[in-house]
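Visitor: Each chain is listed here by its residues.
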Amino acid sequence: MADTASSFSLTVFSSSGKLNQLEYALKAVNAGATSLGIRAKNGCVIATEKRLPSALADDATIRKVESVTEGIGMVYAGMGPDYRLLVQKARKVAQTYYQTFREPMPLAQLVRELATVMQEFTQSGGVRPFGCSLLLVGYDAEEEPQLAQVDPSGSFFFWKASAIGKNMVNAKTFLEKRYQDDVELEDAVHMAVLTLKEGFEGKITERNIEIGIVGPDRRFVALRPAAIRDYLGEVE
Amino acid sequence: MDRPLSHSSFLPPLFSSAPHPLSPPHSVPHPSAAPSVNAAERPARWSPYQDNGGTVVALAGRDYAIVAADTRFSVSFSIPTREFTKITQLTDRVVLASAGMGADRQYLHKMLHTRLAMYRHQHQRDMSLPAAAQMLSNTLYSRRFFPIYAFNVLGGIDSATGEGFVYGYDAIGSHEQLKVVCSGSGQAIVQPVLDQQFSGRQRYSVPDAERAPSLTLEQATALVRDAFASATERDIHTGDALEMWQITAAGVRQTRYELRKD
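One line per chain: the protein sequences are G and D, in this order.
Under full-length UniProt numbering, the letters of the first sequence match residues 1 to 236, in that order.
Under full-length UniProt numbering, the letters of the second sequence match residues 1 to 262, in that order.
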């Protein structure tokens, strides 16, 4: 019956024990432009390909790397509009936390909350899962830099380095070869740029990639094109 | 993250012509009441609140905090018990004391312990003093229209620096970080004593430079004991025994001193 249909979940188990909607959501993620993150010993970096719909698009108005709080930033692979909503939710959750505890929300807590939201959309009536995976960076309560990934299912993982999106397999292989536990933040940024460059179609410029960094000062910054150009010059 | 309280059920038992729940039963009659009814003949209205008396004090030194309270529980001129603690320990280094109504105090302390336990499970560490202070304020304000009749003082030491801090609250969560604060029935007696002897205010008999000595933990403890002894003399709702909680980097120590029982 049409009026009761929306009270049932659209995400139901298949006979083989899978949630097809989540499989398809991951397909949407894997069709998205590559994003990656690297945890250094003194900070974290996230980077993404800014795949523009056409040369006529105004690249300055497209923002994939976003800050959630002063000290936490995120990026995604998959559906842009779904991501926008998650950024808003993350920001609100962080502010609510601050309003209650007058302390910046630790990354691990934010990741849990966001993952809970995403899980709810796999088990609620009339909604579909989010079509993006997220990478979040920040410092945790023990003063260590952290990189976390959240998937459409709501599962989350903390990584030393990870990639999501179209070129994730090659990117992860590339990172596995190069990653060291004690890598410095600057080297991690170079590594991130090189990894993006590996799978890049066309010429990589400061206008078609985005980079975000959180350093020892605990402040997350989305780099300006000028700063990105400097890094591109350094890896030439 | 802790979910905010749902406050749809927290409304005072009001009917349209009722006075404010915190006002005493014999208040000014509502304009719509029959004009011939004498205000003095109006029956006393039931109040959800009761003042169980008592005094609470908190003060902070450079590397310590003291939270102290008497243990008398009064109902108007009677004493149902002489052994009722107003103090609760929230974390390793944070202690809360509440004056006012015993039932609301118990409820508040129980609720805060629950919130702190949830925080501890989720964060894998204790709540810090500033976070606890803000959370208490928010908890009280969430009951803005049916207040928790507890007048709180929160004391502890900052986990990073070891410095002592105290916070004073009103019933609806307005709070302030201070060095010395007190609340309860003996507040008007104890506050000026501490203002002068601990904070060095209005100490005109002493040269400026010597007015605000930095008291040691032992000196501060003695001062609080004396202040409570004074309050016990003049305030009928304060007395029986004094619970003194000393918070330092080494931990929390509780001592009990007798006070006059009359």
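There's no promise every hint is true.
As the list claims (entries may be wrong) - Here are the in silico distance ranges between beta carbons for each label pair: (1) G:F157 with D:A160: 38 to 46 Å; (2) D:A160 with G:S155: 30 to 38 Å; (3) G:E144 with D:R45: 54 to 62 Å; (4) D:K179 with G:E103: 34 to 42 Å; (5) D:A188 with G:S155: 57 to 65 Å; (6) D:Q177 with G:F157: 38 to 46 Å.
Read the hints as simulated data drawn from the structure, not as lab findings.
For glycine and all other residues, C-beta sits at the position ideal for the given N, C-alpha and C.
Visitor: All hints are to be evaluated individually against the structure, with a verdict given for each.
Guide: Going down the list of hints, with the structure as the test:
Between G:F157 and D:A160, the C-beta spacing of about 30 Å breaks the proposed range 38 to 46 Å. Distance hint for D:A160 and G:S155: a CB-CB separation of about 34 Å, consistent with the stated range 30 to 38 Å. For G:E144 paired with D:R45, a C-beta distance near 58 Å keeps the hint of 54 to 62 Å intact. For the pair D:K179 and G:E103, the beta carbons lie near 22 Å from each other, so the given range of 34 to 42 Å is not met.
Between D:A188 and G:S155 the beta carbons are some 59 Å apart, a value that agrees with the proposed interval 57 to 65 Å. A hinted range of 38 to 46 Å for the beta carbons of D:Q177 and G:F157 is consistent with their spacing of about 40 Å.
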